[in-house]
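Q: As given, the protein sequences belong to chains A and B, one line each in that order. Per my numbering, numbering of the first sequence is gapless, rising by one per residue and ending at 286. Per my numbering, numbering of the second sequence is gapless, rising by one per residue and ending at 264.
No lab work stands behind these hints, which were simulated from the structure alone. Please read these numbers as outputs of a predicted model, since none were measured by experiment. You may find that some hints are simply not true.
[To be verified] Distance condition first, Cα-Cα at most 25 Å in a straight line; then the derived DSS-like pairs of lysine-lysine:
1) K244/B / K117/B
2) K139/B / K280/A
3) K234/B / K244/B
4) K14/B / K234/B
5) K201/A / K175/A
6) K14/B / K280/A
7) K81/A / K201/A
8) K65/B / K39/B
9) K14/B / K31/B
10) K138/B / K201/A
11) K244/B / K201/A
12) K188/B / K213/B
13) K138/B / K39/B
14) K117/B / K201/A
15) K213/B / K201/A
16) K84/B / K14/B
17) K81/A / K175/A
18) K213/B / K31/B
[As the list claims (entries may be wrong)] Ranges between beta-carbon positions, derived for each pair:
19) G112/A / P233/B: 52 to 62 Å
20) P125/A / D24/B: 23 to 33 Å
21) S130/A / K138/B: 44 to 54 Å
22) E80/B / D186/A: 53 to 63 Å
23) G272/A / N23/B: 37 to 47 Å
24) E111/B / A148/A: 19 to 29 Å
25) A148/A / N23/B: 53 to 63 Å
26) A151/A / N23/B: 45 to 55 Å
C-beta atoms are modelled at their ideal positions from N, C-alpha and C, and glycine is treated no differently.
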Amino acid sequence: MKRVAPILTVLLIIIAVWYAAAIWMNATWAYDQAARAEAAAPTWAELPGLTLNQDRPVLPSPHQVIAELARSTFGLPPSSKRSLVYHAWVTISGTLMGFAMGTTLGVLLAVGIVYSRSMEMSVLPWAIASQMVPIIALAPMLAVVMHAVGATPLMTKAVISAYLSFFPVVVGMVKGLRSPEVMQLDLLQTYAAPGGAVFWKLRLPSSMPYFFASVKVGIAASLVGAIVAELNQQAGLGARLLQGSYYGQTTQIWAALFLSAILAAVLVMLAGRIEGRVLKRMGMAR
Amino acid sequence: MKDTLNPSAVIEAKNLQLVFTTNDGPVQALKDVNLTINKGDFVSFIGPSGCGKTTFLRAIAALEKPTGGSLTVNGLSPDEARRKRAYGYVFQAAGLYPWRTIAGNIRLPLEIMGFSKAEQNQRVEQVLELVELSGFGKKFPWQLSGGMQQRASIARALAFDADILLMDEPFGALDEIVRDRLNEEVLKLWARTGKTIGFVTHSIPEAVYLSTKIVVMSPRPGRITDVIDSPLPKERPLDIRDSKEFIEISHRVREGLRAGHSDE
């Protein structure tokens, strides 16, 4: 209870602020309606009823968003183009594929950087520069290029996803692979251990805590990448967000937003679970 | 030839020089070091920090490269001797891998050196027994005390049965009581295995208690000021430290250390 109480308090405050904001922001429309009908302006007591259940609110109220979320998640068959389950699956598959690609690329680059001075000098600045380019500007161009070479929408999305997720993995793994102390490296030297043994038996295991720290950042970045990529596509949470804004369906936008946030939380939590398991088995849990 | 002169020499240093290049210019870590260590010797290196005792041990292990003179281990260069797995090295800290069990840690050199699975297991059991850690193989390092961890790291150095054991202040971080016990155990181990041991320390009683030969060193530049062949018997109960001989040798070591310091 001690742990839950602060979280609940914050949640309640957020919901209260949200309701207040919804009333305030949607009131304009209620006043306009009354003026058009040449009726008396609604009183303070009438406002909540007139603002919290509008069809096209400026800011949908929490219960509207939750109802929309429930309806489009559980109320429709998952195969329906209007089901959030369908769109979430499209997004997730791109996210996981991009994450796998980005993580692999990140680990390989980190190994190269740690073992080769020239790679450190040449690759690292480019890796950093790559993250300076706003993804929202890069995504449409990448989409065009990928389309030109005949890539599927899934592949395009995965590439943009990987583009965002490889960087934290590179940074974390470089630090992790360099984390063994001099003494531990000396020890292996006294065994005349070959380079491969140093990597597999010391550097790689030592890097695991760093790897998982990066993975948690990387998986969230992957999801962002996939959603941004979908702004140029037909399906997925990103596409759903864009459609919602075209047609003024704010409730639909918010529902998709919430689902993205939930997905991100689940993915990061999953990564955290795996981290806990692995580090515990390795005797490295803190 | 030197080898024919002294066939039992395991480690031989002649006019050994070692200069580190640092940002503040060259630092003479070892100057004109001449020393012969014979098979089965227990040699302690004692001196204040900066006297080159650890550097000398590391040079024997080919972890540092001498800049002059000659150094041979089993008649080979330190590099070749290492490739022949001539020595086991124990560091100041146990440095066990936290992700491996105690047995797994001891298995590490055996895996790298390509021993068979059956032989690995047999050797692990054997050295665990030697350092009195039988039954602790499945524990993780964090489940053991500092003294037990250091014993495990000694077992790791013994696992591949090199003839030489090099120990760099292995008990420096442990408290007096644990250290006394481990000193006793190291002597027992030495008696049972007949290994040649090089042992770096800055404790006079530890050096005198353990060694057949005490090498007193002094800093700036790092050099040997005295080599004392201990007249103490091989069998050494802890209370030998109250004997007249023990006190005399301790006195001589202290004198050697003081002499090294006075010409700074």
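Q: The structure should be examined with respect to each hint, and the outcome stated for every one.
A: Comparing the hints with the structure gives:
| no. | hint | result |
| --- | --- | --- |
| 1 | K244/B / K117/B | 51 Å, violated |
| 2 | K139/B / K280/A | 14 Å, holds |
| 3 | K234/B / K244/B | 16 Å, holds |
| 4 | K14/B / K234/B | 28 Å, violated |
| 5 | K201/A / K175/A | 17 Å, holds |
| 6 | K14/B / K280/A | 51 Å, violated |
| 7 | K81/A / K201/A | 49 Å, violated |
| 8 | K65/B / K39/B | 23 Å, holds |
| 9 | K14/B / K31/B | 10 Å, holds |
| 10 | K138/B / K201/A | 19 Å, holds |
| 11 | K244/B / K201/A | 50 Å, violated |
| 12 | K188/B / K213/B | 17 Å, holds |
| 13 | K138/B / K39/B | 35 Å, violated |
| 14 | K117/B / K201/A | 17 Å, holds |
| 15 | K213/B / K201/A | 37 Å, violated |
| 16 | K84/B / K14/B | 22 Å, holds |
| 17 | K81/A / K175/A | 44 Å, violated |
| 18 | K213/B / K31/B | 20 Å, holds |
| 19 | G112/A / P233/B: 52 to 62 Å | 59 Å, holds |
| 20 | P125/A / D24/B: 23 to 33 Å | 32 Å, holds |
| 21 | S130/A / K138/B: 44 to 54 Å | 46 Å, holds |
| 22 | E80/B / D186/A: 53 to 63 Å | 18 Å, violated |
| 23 | G272/A / N23/B: 37 to 47 Å | 44 Å, holds |
| 24 | E111/B / A148/A: 19 to 29 Å | 50 Å, violated |
| 25 | A148/A / N23/B: 53 to 63 Å | 55 Å, holds |
| 26 | A151/A / N23/B: 45 to 55 Å | 53 Å, holds |
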